[in-house]
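S.K.: Residue numbers (our numbering), protein chains in the order written: chain A, 3 to 141; chain B, 8 to 100; chain C, 97 to 257.
The hints are simulated quantities; they were obtained by calculation from the structure and are not laboratory data.
Built from N, CA and C at the ideal position, the CB exists for glycine as well.
There's no promise every hint is true.
[Stated by the list, open to error] Part of the chain A face toward chain C, derived, beta carbon under 7 Å:
1) Tyr42
2) Gln71
3) Thr88
4) Pro90
5) Val97
6) Ser109
[Stated by the list, open to error] Okay, the calculated beta carbon distance ranges per label pair:
7) B:Thr14 to C:Lys180: 31 to 37 Å
8) C:Leu101 to B:Phe11: 26 to 32 Å
9) B:Phe92 to C:Ser130: 37 to 43 Å
10) C:Val165 to B:Ala29: 43 to 49 Å
11) A:Lys39 to C:Arg161: 16 to 22 Å
12) C:Val235 to A:Pro10: 16 to 22 Å
13) C:Leu117 to B:Thr14: 47 to 53 Å
14) C:Gly193 to B:Ile10: 52 to 58 Å
15) C:Val139 to A:Pro11: 45 to 51 Å
16) B:Phe92 to C:Pro222: 21 to 27 Å
17) A:Ala74 to B:Leu36: 41 to 47 Å
18) C:Val242 to A:Thr72: 45 to 51 Å
19) C:Arg142 to B:Leu26: 45 to 51 Å
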Amino acid sequence: MNALADLPPWASVMTSLLVLVGSGLALVGSIGLVRFKTFYERVHAPTLGSTLGLFCILAASMLYFSMAQTRAVVHEILIGIFVTTTTPVTFLLLVQASVYRDRFEGSDPLAGLGEDRAVVKTLVPSSGIANGSTAPPGC
Amino acid sequence: MSIFVLTVALFISKVFLTLAVATAAYRILRGPRAQDRVLGMDTLYVNAMLLLLVFGIGSGTTLYFEVALVIGLLGFVATLTLAKFLLRGEVIE
Amino acid sequence: MNAWLPFPVISAMLLGTWLLLNESWSAANVLFGSAVAVLGAWVLVRLDAPALILRRLWLALELGRRVAVDMARSNARVARLVLKDKRARTPGFVRIGLSVRSHYSLAVLACIITATPGTSWVAYEPVTNVLVIHVLDLVDDDDWGVIVLVRYEGILKEIFG
């Protein structure tokens, strides 16, 4: 079964490249999810697939269907908008849940941060709860 | 010729995305903590959504687009609910 | 801002979503889409959402361009970090003192920071207006705060007020 449309060469090469780059980025992101050592590092890895990887595959899909059906097919933009606005919300809440659970178990990952110290390079295990809510307003 | 290039590219990208789903599943099974499993599930559904979009290009129908859209929206709700559960221990307050 | 259209920007977005989803510009779809758009905005009124006023719309395009450039750049960087040896990076938390307070600005900033791989939003203290982000690879101690402040805070303040 082969339902692929016969596109002009430039379009099929572009579609192929976009699909390969997108799926490659998603794979690299998932490998990072396995390779990184701490949770806070792992959060960064899947964003590869859900930002540029997703955009590449959506662009490939838009290009392919627009050429194959000879009309502009742009409804893939919707998936792009939904995923780019929803993924940050989930990751944000997940990181906050993780900070909360770490604090509950007595190892505050943000313990070394204060007025005098702007950067903490490693996870310092100690207790202490910073004041204020950790949730940004509007999310 | 152009069909051949596209067929090969789609096959390779399906292999890539299947491997990505497998690594995310490994993270779900391995843990070590609950938030790692939730993160693995989030990655898994995004990769599955990408896989469906690639299937859609291969099959030439826009039907897969709607499936991908639904997966994207429901996966968001699922991950959000799980994260909320980890944060408070209750889903609905 | 009036009784019929409390959130004109959001109503326009809802109508656009409806038309894209149905892939047609027929009169029936425009009519249904407009109904959905107006009703959806009324739901936001019931939810007490703060008024959304976009001051300078062309600056939103500039913001989108900056986000796209940063996203592509940080994607390449994180991909290299994943495939490289794991001792080669220094992850850590960074504290940034903000000056924007508008809810929409902070929400957009949270989306931008989390959507660029390599940085993620960790905590926000509303009293002191201090933001804590996690950075996958700290190149220089000071530069992350500078990047956020220079590249995003000013433009967000101009768009959302």
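S.K.: When the hints from earlier in the document are held up against this structure, which numbers fail?
M.R.: 2, 3, 6, 8, 10, 11, 12, 13
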